[in-house]
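Each chain, letter by letter, is given below.
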Amino acid sequence: MDFLNALVALSNFVLVPAIAYGSQLALGALGVTLIYGILRFSNFAHGDTMAFGAMIAVLVTWGLQAAGVSFGPLPTALLALPFAILGCIVLVLITDRLVYRFYREQKAKPVILVIVSMGVMFIMNGLVRFIIGPDDQRFSDGARFIVSARDFKAMTGLREGLAIKTSQGITVIVAVVAVALLFWFLNKTRTGKSMRAYSDNEDLALLSGINPERVVMITWIIVAALATTAGVLYGLDKSFKPFVYFQLLLPIFASAIVGGLGNPIGAIAGGFIIAFSEVTITYAWKKVLTYVAPESLEPSGLVQFLSTDYKFAVSFVILLIVLLFKPTGLFKGKAV
Amino acid sequence: MIVVEDVHKHFGGFHAVDGASLEIQKGSITGLIGPNGAGKTTLFNVIAGVLPPTSGRVFMGDEDITGLPPHELFHKGLLRTFQIAHEFSSMSCRENLMMVPGAQSGESLWNTWFGRKRIADEERALKAKADEVLEFLTIEHLADHKAGQVSGGQKKLLELGRTMMVDAKIVFLDEVGAGVNRTLLMTIADTILRLNKERGYTFVVIEHDMDFIGKICDPVICMAEGKVLAEGTLDEIKANDHVIEAYLGTGLKNKDKLEAGA
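Line by line, the protein sequences give chains A and B. Its first residue numbered 1, the first sequence is counted upward by one per residue in the working numbering. Its first residue numbered 1001, the second sequence is counted upward by one per residue in the working numbering.
It is worth saying that the hints were derived from the structure and are not from the lab. Heads up, a few of these hints could be off.
Claimed, not checked - One-sided excerpt, in silico: chain B residues whose CB lies under 10 angstroms from chain A:
#1 G1049
#2 G1067
#3 P1069
#4 E1072
#5 T1081
#6 H1086
#7 F1088
#8 M1099
#9 E1159
#10 M1165
Claimed, not checked - Computed from the model, here is a short list of chain A residues facing chain B with C-beta under 7 angstroms:
#11 D200
#12 N201
#13 L207
#14 G209
Note that beta-carbon positions come from the ideal geometry of N, C-alpha and C, so glycine has one too.
Between the sequences and the hints, there should be enough to build the whole structure, so can you do that?
This is the structure in structure tokens:
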């Protein structure tokens, strides 16, 4: 029985990756939930919006690296992030102007907007692959680890190592900052309150003199910033591949719906719920159990509930359960 | 103040408003009555910019306001309330009122970051004003309650309070009395009269309660089947044969008989 080693192994393989992944999902789900709350449709193009933002970050990062600019131990991509956000804002505002605004003026039903967003998704997806290609792109640089497994072992003398990647640390810090800014904005500023008012009761908001086009524009700006941030963090942590963001759409929607669509707190909670379930269910627990269980009970198999191939299935099972028993999500969003 | 010229609003083959023309005098409290389905609320929606008219014009003063979106009309001083009270349910009553005045410094993203002091001053003034309004409406004890949780009648008062947060010129009230008890209804009537006298608001009121109409409205316009049937004081309207036929019908005749009999 070696509780300490078990704990370290658990942190290394489950807690740390799940927290980082959960932060990325939460940022993505916040964008989905804001669009749902304000524009009242499920934006299927969100994954590819993330891909587009991340793509600009990759391109700018390469440019900066070529120019010899670096950010010390931190990845250069962080310097590129503001440019990527700007680029992404331009893209979504143009899309809104050319596509969504037309349907808004028609007062199109949400179902139609969902299908429209699918069209936008395919176009953005094509655009990203056209510009950067469908392959994996590496753009992370700087120090790879905050704490490496070897240093950790040397430091503590434990058999198990705990590695924290720089990208994981940055993900959590950036996510916390972004969420704090968002909540401050929504709760404390006049514009944020207008957004909440518009989400709460559109008719009344209009008749209170709130300009809907302005609220919509600011929503897109915030969503583009969140999507780009999420996309870049995910790309730094794993790697950048356009198609991966499309797949990421599934757990992101699951997070937003599990938390309650239209509810920002729900989106964050949903992100972590989905991330932790995916990681814990697809992790091979043999190592941790070997330390905790008495010798005679040591598992011989991997003790992995599902292969990692099924990780998206996990999000869907959770989604189904929540929709069956609590259709408005755990944090009382709007009914889907 | 408001001139409605031959407004039509058709929903497919159904003519909800079918050539309504009317004029609302500045400083008046005009009652709009008519049987259910007469097109009163639809006409309100057309005037307030919620629905575009099929044909016809709406003027405010000399200005053509046909089809302007609600938030622009709001800035021109045209406000409305809803048949079923609307509120921002997740905000407190005070915040609901503070939402109203548009064009504050805090609206600009620039000021959000760099004009903190100006915003703080404005917010303070707004808060004072909201508290004043709540006191006027005798619901100051609800200031910090979530608006979604107060009673229906209190929501109606809150709707009225919303019009007091800005200098409204004309306010359209859609069935302020629906679902409100008699005592509160009279409080609302008094509030309307006071706002009319003290602040010079023009009101247009849809209401089914004739006592309420009789107490505050002059003139009264009666609509039926999408058209304006008659206009005049409530007594004139009550005496108008067309109106009696279309709306007040046998009910009122019986009531008169009953009253005569008693």
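task = If any of the earlier hints don't hold here, list their numbers in rising order.
result = 2
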